[in-house]
Every structure is written in structure tokens, then in C-alpha cells.
Amino acid sequence: MVNSSTTSAWTLVFTAWLVATLATLGALFMSEIMALAPCVLCWYQRIFMFPLVFILALGLFPFDPKVVRYALPLGVVGLAVAAFHLLLVAGYIPETLTPCRQGIPCSTVQIQWFGFVSIPLLSFLAFFTINALLLASYLRSPK
Amino acid sequence: MKQKNLFIAAAVLLIIAFFVGAFYYQKQQAEQAAQTAAHNQAALVRADAPSFGNADAPVHIVEFFDPACGTCRDFYPMIKALMAEHPGKIRLSMRYAPFHPGSEPVVKALEAARKQGQFRQALEALFASQNDWVQNHTAQVDSIWRPLAPLGLDMGRLQSDMNSSEIASMIARDLMDAKTMNVTMTPEYFVNGKPLPRFGFDELKSLVGEALLQTSAK
Numbered sequence: 052m053v054n055s056s057t058t059s060a061w062t063l064v065f066t067a068w069l070v071a072t073l074a075t076l077g078a079l080f081m082s083e084i085m086a087l088a089p090c091v092l093c094w095y096q097r098i099f100m101f102p103l104v105f106i107l108a109l110g111l112f113p114f115d116p117k118v119v120r121y122a123l124p125l126g127v128v129g130l131a132v133a134a135f136h137l138l139l140v141a142g143y144i145p146e147t148l149t150p151c152r153q154g155i156p157c158s159t160v161q162i163q164w165f166g167f168v169s170i171p172l173l174s175f176l177a178f179f180t181i182n183a184l185l186l187a188s189y190l191r192s193p194k
Numbered sequence: 002m003k004q005k006n007l008f009i010a011a012a013v014l015l016i017i018a019f020f021v022g023a024f025y026y027q028k029q030q031a032e033q034a035a036q037t038a039a040h041n042q043a044a045l046v047r048a049d050a051p052s053f054g055n056a057d058a059p060v061h062i063v064e065f066f067d068p069a070c071g072t073c074r075d076f077y078p079m080i081k082a083l084m085a086e087h088p089g090k091i092r093l094s095m096r097y098a099p100f101h102p103g104s105e106p107v108v109k110a111l112e113a114a115r116k117q118g119q120f121r122q123a124l125e126a127l128f129a130s131q132n133d134w135v136q137n138h139t140a141q142v143d144s145i146w147r148p149l150a151p152l153g154l155d156m157g158r159l160q161s162d163m164n165s166s167e168i169a170s171m172i173a174r175d176l177m178d179a180k181t182m183n184v185t186m187t188p189e190y191f192v193n194g195k196p197l198p199r200f201g202f203d204e205l206k207s208l209v210g211e212a213l214l215q216t217s218a219k
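From first to last, the protein sequence lines stand for chains A and B. Residues in the first sequence are numbered from 52 upward in steps of one, following this note's numbering. Residues in the second sequence are numbered from 2 upward in steps of one, following this note's numbering.
For reference, chain A alone in the conformation it holds in the complex:
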């Protein structure tokens, strides 16, 4: 009853859910446990990341290949915000053009692992992976 292309499409969406959940818990860990205040851009990325945990989970049971249709717009916008944030931290976009007015400036680097892994980079990678997995799942799904 379950053919192999459906199974692999399911596995791809499931992996995207895993990435989204990991990113969500990671973000909550940094803000709630490590007490790092999220900047404005981080909030926008959270707005597009957190709902993926629920939307993708609902699309898994019962498996609905159309979940990609609902999840991908969030992932794409999230990726765009993360890319903007990365460019900002790298200095390609001047801080004055950003929506940060008070609190933590978005160009502040709060964490740097191994010398180059920052929070916006993690966010960008998470959105990128989710989008890639969802696209792959869309292409694999039986039409």
C-alpha cells in the first residue's frame, strides 16, 4: 500500500521536521537558558521557523505531500531573513538600514563557535536544509 517513493518523500519531510525542531529548541535554549536576548531579525527568523515544527508534524501523520505547499513559503522567507542577517553581520549591509532600533543590535555577534559558526549562520543553514529537503520531497512525491 505504501510505495517506496512515498516512503522516501515522507523521510525527507520528517528530516526537515527534525531540523526545524532542533533549530527551534536551540533558539529557545539560547534565549531562555543562556539568557541571550534575541535581536529583531532573530525574532523574524523565529516567526518563520517555529510554526514549521507544527505544520511539518501535521503533514507527516497522515502523510500529506501537499505539506510542502504550506511549509515552503515560511522556509523561503525565513531563509531570506537569515541571509539578510548574515550579510549584516558580515558588514555588507550597514546597520542603519536595519530595523534594529533598540535593544540588541543585530550586527552583534553573541556566539562564535570554532571561529565562524554564529547564530545567524546556524539559522541560515537550518532554513537552507529545510527548503532543500522540502523541495526534494516535492519532486519525489507521486504526482
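You can take every hint at face value.
Here's a subset of chain A near chain B, in silico, CB distances under 7 angstroms, partners left out:
(1) T72
(2) L76
(3) I84
Okay, the calculated beta carbon distance ranges per label pair:
(4) B:V13 x A:T57: 23 to 31 angstroms
(5) B:A48 x A:I84: 31 to 39 angstroms
(6) A:T62 x B:F20: 25 to 33 angstroms
(7) A:A141 x B:I9: 34 to 42 angstroms
(8) B:M2 x A:I106: 16 to 24 angstroms
(9) A:Y143 x B:D155: 52 to 60 angstroms
Source of the hints: derived by calculation from the structure; they are not laboratory data. Every residue, glycine too, gets a C-beta built ideally from N, C-alpha and C.
Let chain A serve as the given structure and place chain B on it in line with the hints.
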């Protein structure tokens, strides 16, 4: 079925990892804070800091506070009650940590009132009227004079004391000490030099209880 189990297992695993991580992170942070405190006792206890209670009390609570901070206001009567429960056993020292915008001139006024022997009265008047002079987490020094009026302070002297370099440097030193002690939020408490393992009145109470037991055993 297999897929469902896989999903549930992954979800449970991630959540457990989150809480185990949180537990170890907080434990490590608490140990680090205790070490910082142990190495910097000089920055914690300053002889000229305003204090309440018996100066030779066996238990010494040092509080970093901001008169504009709501939690400081809420904790103040609770600590007073705790001190009243153990008369003569607890001393409370207050250190200035004006983290709110606009709070520094208010602290200056408070310290200037202390020079006229009205620290407690001024502090209590400021806490009681906090909602009138703190708006959107910003202290408005112009609005503190009305609540302070009943104290009958010498206002000319108060103003000139507020502008004195002595008070300015005391506040600057307290802020430096706060930085040294890793105090980033108010209120922050240290009981006989030990930081709270986690913020909360129960934690403060149990730390005080421990200190009381230790000193009575001696």
C-alpha cells in the same frame, strides 16, 4: 506504525536533550558564579554601602538593586520580614546597580537623602511611588520630588550632594563591582558571599537558612 514510533522517539529524545542540556548548563553557570563570587569578596562588601540590621550579624545579605526595578520593590518587604523573623541575625547591605535608563540621578538623590539620615525613608517612598516615576522602564527623576516631599529633606543640600563627585564615584564603583560580580540583572543577592543558585525568594530564603544553621553550629 514504524514512522509514528520514529517520530515520537525523535520528539521525546529532543525534548529530553533540551532539559538535560539546560540542567547541566545552569549547574555549570551556578558553579562559575560561586567561584567568581568567592574570588571577588572585596568587590562585594564595601564598608560605606548603606545597610540595615545588626552590623555584626552572622548572616550578611548583599543586594545589588535599582530603585526603578519592580522586582527589587517587591522583594524589599519580603527581606524585611525575613530579617524580622531572625532579629539581630541578618544584615542587609544595599549596592547600587542603576541599570534602568534614567535611574542614575534617582540613585544620586537616594544617596543624597542618606547623607541627611533618610535613606530608609527615601527608599521606601521611592518604592511605594515607583509606578508614578518609572514609565516604560525609564526612570523620570523629575517625578520623584513629590513622593519625597513628606520627608522634609533639605532640598538645596540634596541638589548639591546629588552633583557631588563623591556620590558619582560611589555609583561608578558600585557599577564596576556589579560587573566584577557578574551582576547583569536586579535584584541580585549574595548571602555571606555566596550567589543564589537560581533567582527566587525561596532560593534566597534557603541560602539564608543554611547560613543561619552554619553560624549557630559554631
